[in-house]
Amino acid sequence: MKLFEFEAKEILRKYGIATPSGNIVTNSNQAEAVAKEIGKPVVIKTQILVSGRGKAGGIIFADDPAKAQKVASKLIGSTIKDCLVRSLLVEEKLNIAQQFYASVSIDRQARKYVVLASTEGGVDIEKTALAFPQRIARYWVDPATGFSEHNVKSMIAKFDNISKGDIAKFAAIIGTLYKVATDYDAEVVEINPLAKTDSGEFIAADARIIIDDNALFRHPEFQESLRVDDTPREAEARKQKLAYVDLAGDIGIIGNGAGLMMATVDLVNLFGGRPANFLDIGGGAQAEVIKRGVMLVMSKPEVKAVLINILGGITRCDIVAQGIVAASNEMPIKKPIAVRMIGTKEEEGIQILRQAGIHSYSNMEEAIREVLTL
Amino acid sequence: MSIIIDKPSRVVVQGITGNEGRFHTEAMRRYGTKIVAGATPGKGGQQVQDIPVYNTVFEAVKNHGVDTTIVFVPARFARSAIFEAIDAGIKTVVVITELIPQKDAIEFIDKADKSGNVIIVGPNTPGIINPSLRMHVGVMPAHVFKPGVVGIASRSGTLTYEIAWHITNAGLGQSTCIGIGGDAIVGLDFIKVLEMLKDDEETKGVVLIGEIGGNAEELAAQFIKEANYPKPVVAYIAGRLAPPGKRMGHAGAIIMGSSGTAKSKIDAFARVGVPVAEKPSDIPKLLAR
Numbered sequence: 001m002k003l004f005e006f007e008a009k010e011i012l013r014k015y016g017i018a019t020p021s022g023n024i025v026t027n028s029n030q031a032e033a034v035a036k037e038i039g040k041p042v043v044i045k046t047q048i049l050v051s052g053r054g055k056a057g058g059i060i061f062a063d064d065p066a067k068a069q070k071v072a073s074k075l076i077g078s079t080i081k082d083c084l085v086r087s088l089l090v091e092e093k094l095n096i097a098q099q100f101y102a103s104v105s106i107d108r109q110a111r112k113y114v115v116l117a118s119t120e121g122g123v124d125i126e127k128t129a130l131a132f133p134q135r136i137a138r139y140w141v142d143p144a145t146g147f148s149e150h151n152v153k154s155m156i157a158k159f160d161n162i163s164k165g166d167i168a169k170f171a172a173i174i175g176t177l178y179k180v181a182t183d184y185d186a187e188v189v190e191i192n193p194l195a196k197t198d199s200g201e202f203i204a205a206d207a208r209i210i211i212d213d214n215a216l217f218r219h220p221e222f223q224e225s226l227r228v229d230d231t232p233r234e235a236e237a238r239k240q241k242l243a244y245v246d247l248a249g250d251i252g253i254i255g256n257g258a259g260l261m262m263a264t265v266d267l268v269n270l271f272g273g274r275p276a277n278f279l280d281i282g283g284g285a286q287a288e289v290i291k292r293g294v295m296l297v298m299s300k301p302e303v304k305a306v307l308i309n310i311l312g313g314i315t316r317c318d319i320v321a322q323g324i325v326a327a328s329n330e331m332p333i334k335k336p337i338a339v340r341m342i343g344t345k346e347e348e349g350i351q352i353l354r355q356a357g358i359h360s361y362s363n364m365e366e367a368i369r370e371v372l373t374l
Numbered sequence: 001m002s003i004i005i006d007k008p009s010r011v012v013v014q015g016i017t018g019n020e021g022r023f024h025t026e027a028m029r030r031y032g033t034k035i036v037a038g039a040t041p042g043k044g045g046q047q048v049q050d051i052p053v054y055n056t057v058f059e060a061v062k063n064h065g066v067d068t069t070i071v072f073v074p075a076r077f078a079r080s081a082i083f084e085a086i087d088a089g090i091k092t093v094v095v096i097t098e099l100i101p102q103k104d105a106i107e108f109i110d111k112a113d114k115s116g117n118v119i120i121v122g123p124n125t126p127g128i129i130n131p132s133l134r135m136h137v138g139v140m141p142a143h144v145f146k147p148g149v150v151g152i153a154s155r156s157g158t159l160t161y162e163i164a165w166h167i168t169n170a171g172l173g174q175s176t177c178i179g180i181g182g183d184a185i186v187g188l189d190f191i192k193v194l195e196m197l198k199d200d201e202e203t204k205g206v207v208l209i210g211e212i213g214g215n216a217e218e219l220a221a222q223f224i225k226e227a228n229y230p231k232p233v234v235a236y237i238a239g240r241l242a243p244p245g246k247r248m249g250h251a252g253a254i255i256m257g258s259s260g261t262a263k264s265k266i267d268a269f270a271r272v273g274v275p276v277a278e279k280p281s282d283i284p285k286l287l288a289r
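One line per chain: the protein sequences are A and B, in this order. Under the working numbering, think of the first position of the first sequence as 1, with each following residue one higher. Under the working numbering, think of the first position of the second sequence as 1, with each following residue one higher.
Extracted from the complex, chain B is given alone in its bound form (with noise of 0.2 angstroms):
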């Protein structure tokens, strides 16, 4: 079983001409993923690695049934890029891209949502990876996950790879692995996440990795206490040093005023019986206990 990327998912790389883009889809096609078509504007006819690509994400769809895009175009580009393939019924939509507006990340997530079962993963996201099916559509390191039983929901990149690899050394492996994305506006959320990990039979225990701004890991906590959540969670909290008001890099990462803090969050989880991890190398125990 697997959450939102499954074997027979079909994938197009939006922006697949850019070094990023020719990048990446090396990479992932390296690891097992599917990569059958890409998509730039003015490119259409052109080849990557043997990979037809199209002007259009319709054309991909048509000739490829392509249901998933990876979303490398430019920020100011990216708006119109993700409503084309919406339109063009891609079903799974995740957003590399970084640097968006949040005006137009309102407007895409808000066109998914009421297209019906689009998921749009990120803005800003590393993408997603399942070790066991070998299937990664994201720019993860890969060789630092291995399969296994702990989902994985984060707002972080690299602090992603850091704890999985502390899980990979302890020996536990990953099921899923998702970034959620860095910055303030995202699609999926960690409580959507919790609830696709709930049904998924290999996820065995979940960590979500939060950090200071907006209060995204406050509704999960909450999320967990009233759903009675059935597998167990750990934390952790980045950004506990942080001073309020620095962006702290990501752009979701914030405190403003009094809201958004690391001891917020921590708390809201200890409230619910849901343990913080102090340090990453901490996890691993925090879950075998």
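So that you can see chain A by itself, here it is in the shape it has in the complex (with noise of 0.2 angstroms):
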């Protein structure tokens, strides 16, 4: 789950890392009123949760307070990458000697936390990696003995634009940031840049962190529900907990484990097809939760027809058609159904989809050819 900006900042200010001065707002006199009490020219930033803002219009500055409060009313209420402004971070601008770079993050192949250092800051960390490898620490820490502030600052002082004083302070920090990363389960914690003032001071100018899916549980102060991108309809699906994802074309498709959904996606469109959808009902529903996903696919205006790929292992197939059934039988506007569908009690399945008049194919591809006719 991404945080937003200033809640990341919230976090990092916790652990004793300094942010700029302000405060969010939601509305322009709010905005004018934290540039007054800021009172020097302060930086607006729209809060949303897709990277490249700044390119795109979401972050301006303001020399004071009335333009500040312009500003604002320009930005609260506008689309910017999709998504909709509702807020804004109001900060005093800083005035930086010089940008880095730090981050935790989890690497999927070392299967470990890794920390990247950098004197470069303020641009994208791949593209520093390129123009100024030089300038690039890369240290994976150990999952059992945990982070060493030695090691890190012996890497980062190799750098040829770095002062000796500021070598621990950079250190302590990115020591900080992997504890923010454990603590909160995160995928990624990132300072970028990590701007150091005119007067030497570091402060954490922007930030991003990502906690893990999967260890919310741990973390309950976050309300999903609040913060994902999710289209209306997906934003639906979540809350009846399927896993559910809007696409752009007039085919509607539903089926079991995440693997054979997407490759099912895939044949679709390699046939001439478009998706307008996929459901995954997962491993061992049962026949409401069916009942309710195959609704769900079929309510979306743009689904002309819908194809249903069910391979059961753990799943039933006699369930799945009890549930295919039951949802053809509610949905007020009918919709053509081709199914494909083999392995657990296949034939009794098989079987309840005929009495409804359903024909199912024991080849996905058949089952693919005949939806693209209806």
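In case anyone wonders, no lab produced these hints; they're calculated from the structure. Using N, Cα and C, we set each Cβ at its ideal position, and we do this for glycine too. Treat the hints with care, as some may be off.
Capping the alpha-carbon separation at 25 angstroms, the derived lysine to any residue pairs in SDA-like fashion look like this [stated by the list, open to error]:
| id | chain 1 | residue 1 | chain 2 | residue 2 |
| --- | --- | --- | --- | --- |
| 1 | B | 91 | B | 107 |
| 2 | A | 345 | B | 49 |
| 3 | B | 225 | A | 110 |
| 4 | A | 345 | B | 20 |
Computed from the model, here is a short list of chain B residues facing chain A with C-beta under 7 angstroms [unchecked claim]:
| id | residue |
| --- | --- |
| 5 | 50 |
| 6 | 103 |
| 7 | 184 |
Assembling the complex is the task here: the two chains are given apart, and the hints tell you how they should meet.
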């Protein structure tokens, strides 16, 4: 789960990392008031969960409170990179002497947390890796023994553009980030840029935290529903605990298992169809869940026909068939269905479908060809 | 011959008293797997289908000499269950549980690595099956598989069954099928499975079933080239149409920025001469070549 910048900065402050003075606002009068309180030029930053907001016009400087008010009234309620802007972070504009970069993230390949530190901040770290490879340090943290500030210090001391006095300060901030990452089960904790001001202070000018969805049970303070950039139907599915994704076409797709679902979507596309959405009923789904899922997929106006692809292992075909029949009985508008169903309790399932006038195939490619003619 | 599991493997089921644990214990046993004990804290002394249940894996090891565990324990307790299994001397840990926090997976995989010789399969794996030995430590629909010559390593469950079904129908059958798991952090990876299948006499060809997210497929392609891999390999990649940033069901199946795309993986295999099937049904043909 992605946190908003202001939430990430709240966490950093709790751990003693300085952030620019400022506040979160939801209307232009508040923005003016915060700018007045700061008493200096400010930066106004839209709180959205996609990257690249600066280039898209989502970060604007204002020299005085009146200008801040004007900027805020334009930004609030606007849409930036397809995200509705609901809140803004109004902060003092920093006088930056040097920009650093620091992050702690999960390295899938190494299966460890990896620390990235650089004296080239403010740009994409991948660009830095190409332009200034000698100014990036990478350090994989041993999960059992934990973070070693000593290791990090000796790595960043090798940079050619870091002053002696900054080495310890920078290393301490990186150590704190590792603590944040592990305390919050983060996939990513990043400060970019980490600004060194004219007065020599280190301040997190921007911050990003992504928390591992699987660990949210350990962090109940984060309400999932408030932040995800779901479509309305995806949000409804999430409420019902269904794994549903909206796409742009006109064929609804339902199946069991993530890999088979993705393969089905790909094949529909390969055969010239355009998937409208897909729903993964998971393993061992009950008839009621399947009914709700089929109805959800069908209820999208763009869907003109539905393909159901089931390979029953833990999932029982008879139960899936019951769910399909119940859904098609309850739907006010009938939409054609093509079914592929094999595996556990296959004969019983086929029988239930046949009685409801629905034919089922054993080969998924045949079912896809069928759905494309409907 | 076989890899990871073998005829003498003696299996304990962690979480045997739960619904899933019970159901799959029966299925695995029916297939031929030697399930000799179960472990659930606080349920010691009970029996599940006449299999003795212990409070700890230590007792199961002591009384039955188990060397393999299959874990159905709920996600929030999985880390400590797997730590216990490793401490008790278990050598193969098959983690069926999904939704395990990544930090926990990092910790138990690290512990397994440091303990030497401990293999973690998963998490979020459908397990392993060897049809000729009739050994199954997992949750796969066993009737889809037939003894044969094709080794399969996959990040998916049902898509593995789909592809195995085509291989079975083509009369080739499977030597060993391994689900490496659908999570971002998994223990056993494609490269280790390729290494094992290389020396497995039963296996004449290998199918790798990958999907979007991460770079496991790219690394496997590189390994195949560098090792001058001696057996034919065919790949399938799911998620060609996946939009960036959306989690496609599996926790590991997400495109971040420009990395993890299906195209990157397909290109990586193509560069090293590994044919990538457009459809699951094309795989037997590509293998036969």
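Taking the hints in turn, this is what the structure says about them:
1. B:91 x B:107: holds (17 angstroms)
2. A:345 x B:49: Given pair residue 345 of chain A, residue 49 of chain B holds - Cα atoms ~23 angstroms apart, limit 25 angstroms.
3. B:225 x A:110: Measuring from Cα to Cα gives roughly 21 angstroms; hence the hint holds.
4. A:345 x B:20: holds (18 angstroms)
5. 50: Check failed: Cβ of residue 50 of chain B comes no nearer than 23 angstroms to chain A, outside 7 angstroms.
6. 103: holds (5 angstroms)
7. 184: Constraint on residue 184 of chain B satisfied, holds at 5 angstroms.
Going down the numbered hints, you'll see the structure goes against just number 5.
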